[in-house]
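A.B. asks: If you want the building blocks of each chain, they are given just below.
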Amino acid sequence: ELELTQSPGTVSLSPGERAVLSCRASQNVLSDYLDWYQQRPGQAPRLLIYGATSRATGIPDRFSGGGSGRDFTLTISRIAPEDVGVYYCHQSGYSPPSFTFGPGTKVHIK
Amino acid sequence: EVQLVESGGGLVKPGGSLRLSCVASGFKFSDYAMIWVRQAPGKGLEWISSVSSVVSYIHYTDSVRGRFTISRDNAKNSLFLQLTSLRVEDTAVYYCARVDEAFYSGLDVWGQGTTVTV
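Chains as they are written, first to last, in the numbering used here: chain A, -7 to 102; chain B, 106 to 223.
No lab work stands behind these hints, which were simulated from the structure alone. Some clues are possibly wrong.
Stated by the list, open to error - Pairs of lysine-lysine, DSBU-like flavour, derived with a Cα cap of 30 Å:
1) B:K118 - A:K102
2) A:K98 - B:K148
3) B:K133 - B:K181
4) B:K148 - B:K118
With these hints in hand, go ahead and build the complete structure from the sequences.
C.D. replies: Dropping the structure here:
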């Protein structure tokens, strides 16, 4: 069974700093089905990145995704106050269908 | 506007039942697979069930199989989740989300969630 781990668990940054969030899979996964979601406090999750590197509609270009195989990253190039929340990586599988989420990285702004 | 709106949550005793609904608007509902994801208080996201655009394909996570039933009515642009034999550990916010099976682009639309308290 696929497991996703995320690091760090929590990160605290000043506005304008760069954040790099990591996601590691317990086995090689298809990049086409690796996504990142942002969940602001009290809100539903929002898709940021799909297919490991593609930004979803309306997502600022300071969010970027990368990686392959077992290791993936979400980079926020210039962090802003509205980026506070929890960021989840996610892998979709199709044999059989399954949707695995990582435990999340909490982002604080100093 | 593309939108999903959940309803049907509430307070229920252990062993009780609830039926959650998710109504879609602004897109062709029958073209998309749909999933239910829940989030227990202070915890992360957990996928619990999915149904393909063609209703033949239905899947559940182990913890709810045999207790929860997913269904959809494409004519009414609606997704449902019947919850039975509820346990305290089923307490969570339940979200519906859509998935494009033909061209995967993530879980790109989510509802606002409905809260189930057992």
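A.B. asks: State for each hint whether it applies.
C.D. replies: These are the hints, each one checked on the structure:
1. B:K118 - A:K102: Answer violated: K118 of chain B to K102 of chain A is near 42 Å, above 30 Å.
2. A:K98 - B:K148: This hinted pair holds, its Cα atoms lying about 12 Å apart.
3. B:K133 - B:K181: 11 Å, holds
4. B:K148 - B:K118: Given pair K148 of chain B, K118 of chain B holds - Cα atoms ~22 Å apart, limit 30 Å.
In summary, the structure is inconsistent with hint 1 from the numbered list given earlier, while agreeing with all the others.
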